[in-house]
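Student: Sequence:
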Amino acid sequence: MKSILCLSVFIAALAVTSVAQAAPPNFLFILVDDLGRQDLSCEGSAFYETPNIDSIANKAMRFSNGYSACQVCSPSRAAIQTGKYPARVGITDYIGGTTGRNQPDKWNRNTKMLPARYKMEMDLNEITIAEAMRENGYKTFFAGKWHLGHEGHGPQDQGYDVNVGGNLTGSPRGGFFSPYNNPALKDGPPGEELPVRLGRETAKFITEHKDRPFFAMLSFYSVHAPIQCSEKRWKKYRAKAERMGLIDRDAPRFRLDRLKEVRQVQDHPVYAGMMEAMDEGVGHALKALEENGLADNTVVIFTSDNGGVSSGDGFATSALPLRGGKGRQWEGGVRQPYYIKWPGVTHGTRTDIPATGTDFYPTILDIAGLPLLPKQHMDGISLVPVLRGGSIAARSLFWHYPHYGNQGGEPSAIHLRNDWKLIHYFEDGRNELYHVGRDIGEQRNLYNKHPERVETMLKELKAWQKSVGAVMPSENPKWDAVAYEKSMKQLAEKGIVNRDKQHANVLKADFVPRGGWWENKGKKK
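No gaps in the numbering here: position 492 of the sequence shown is 493 in the numbering used here, and each next residue is one more.
In case anyone wonders, no lab produced these hints; they're calculated from the structure. Among the hints, a few may not be true.
Stated by the list, open to error - For lysine to aspartate or glutamate, the following EDC-like pairs were computed, each having C-alpha atoms within a straight-line distance of at most 16 Å:
(1) Lys-479 x Glu-428
(2) Lys-450 x Glu-433
(3) Lys-522 x Glu-232
(4) Lys-460 x Glu-433
(5) Lys-509 x Glu-243
(6) Lys-140 x Asp-212
(7) Lys-113 x Asp-367
(8) Lys-113 x Asp-429
(9) Lys-509 x Glu-193
(10) Lys-233 x Asp-511
(11) Lys-211 x Asp-124
(12) Lys-495 x Glu-127
(13) Lys-60 x Asp-258
(14) Lys-479 x Asp-106
(15) Lys-522 x Glu-193
(16) Lys-140 x Glu-232
(17) Lys-211 x Glu-292
(18) Lys-107 x Glu-476
(19) Lys-376 x Glu-127
(20) Lys-288 x Asp-55
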């Protein structure tokens, strides 16, 4: 009798285990704004501290050649949501500001070409990854930066059951401390940090929906400008910069690379404080998975929408050894941290197999055991074979950016295959060819040494542009070459020096931001 009872208990336990193993996996997708790959301590940064993100990387498959689908935010975000290249979706530059359908008519910058027109919202006909997951029983959640359309084209119009903070804007209207001036986010107590709040909101969602499968996207506004942190965090990293000998260094902080000055060192204590606050927000979400017993059944994805801002905006970080940064056509603009942590499958290994933003959509469906939607995510492929230790067929990756970036980016297109990277410039038709496997800093243009390769890659690039309906820039009849040369001379002679002085000021012991420390905004005096 005892043996029969024991056998019954064993069978029942086995059945429970089988059901538990069959439970659909949850997904936590963490998307950071303007984060450079080299900004993470797990990728070699000695100045910034990102222990929570590092903990993801340590158990993930890390794609050393992971890329965003564009060098600026809205297009790469659209690629993640749709599984399509930005040129096919029709969003090729960031949404908002002075840009959009009428951009060339309103263009008042002195550039050789007029940027191409593009869509100001992600089409509602697209079946987003959130819609695909919701259709298959997942509860969907979005927190943070959306930047993919006006009212009627927000997260809740594109498949997300819950939206906390997502709206048209690409940067936080009220800055990174409450009050936020965000119609989709209630203010917290004065001085509350936005990334920490978004992490806590995500943790709350996880806790409230622990008993059903969920797809949660934590999409930080950090570390986009404005560059802001608390006085406490600034003091910590100002002291660290002093210990590291970064305050009195003789080497220049910036150098000119074509159209913009580019930061050469990671020493900005306010930006470091922003990194720490964002990482703390990540920690809240991860803690919720652990506390609710979901860590072993939740796939965690971590990436950035484009490179760190080494030129333009806050000029706050360095992408070295990668060249350039956000908005620019070199690796610093498009090569990102690209981590997929799948419990029981990935174990903290790296792969050199290239992956891009369009691949997340089919990969998520495949991991979840759901049917793929090739007519929707037509530019992405499932990376599951790679995650399981296998491989995929070699392929080309493409980028199309018919605009001038605020950070010095030039109208251009890119074709990458087998570590060979061709950059084709629209202004004058010139080409650059780099082998990024051997020259990650893109310092040796091999265009003249490999004319046949350039010809073949350019032909394939143009065929791809035609297949996706890529729009092109046009000549600017008001281009003033003399004024352009004058402005570049002024930048080289005075601009870089002034920029260096401005950023050295942030490291002074008596530094106080204009208007006072940001966390004091809204507090009663």
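Student: Please go over all the hints and tell whether each is borne out by the structure.
Tutor: Hints versus structure:
1. Lys-479 x Glu-428: Distance of about 14 Å is within 16 Å: holds.
2. Lys-450 x Glu-433: Measuring from Cα to Cα gives roughly 11 Å; hence the hint holds.
3. Lys-522 x Glu-232: 12 Å, holds
4. Lys-460 x Glu-433: Holds: Lys-460 and Glu-433 sit about 15 Å apart, inside 16 Å.
5. Lys-509 x Glu-243: Cα-Cα ~10 Å, so holds.
6. Lys-140 x Asp-212: Distance of about 11 Å is within 16 Å: holds.
7. Lys-113 x Asp-367: Roughly 45 Å separates the two Cα atoms, so the pair is violated.
8. Lys-113 x Asp-429: The given pair, whose Cα atoms are some 9 Å apart, holds under the 16 Å limit.
9. Lys-509 x Glu-193: Violated, at about 25 Å.
10. Lys-233 x Asp-511: Given that 16 Å is the threshold and the Cα spacing comes to 13 Å, the pair holds.
11. Lys-211 x Asp-124: It is violated: about 32 Å lies between the C-alpha atoms, which goes past 16 Å.
12. Lys-495 x Glu-127: 48 Å, violated
13. Lys-60 x Asp-258: 37 Å, violated
14. Lys-479 x Asp-106: Status holds; Cα separation ~12 Å.
15. Lys-522 x Glu-193: 10 Å, holds
16. Lys-140 x Glu-232: 38 Å, violated
17. Lys-211 x Glu-292: 10 Å, holds
18. Lys-107 x Glu-476: Cα-Cα ~15 Å, so holds.
19. Lys-376 x Glu-127: 10 Å, holds
20. Lys-288 x Asp-55: Given pair Lys-288, Asp-55 holds - Cα atoms ~14 Å apart, limit 16 Å.
Violated hints for the displayed structure, listed by number in ascending order: 7, 9, 11, 12, 13 and 16.
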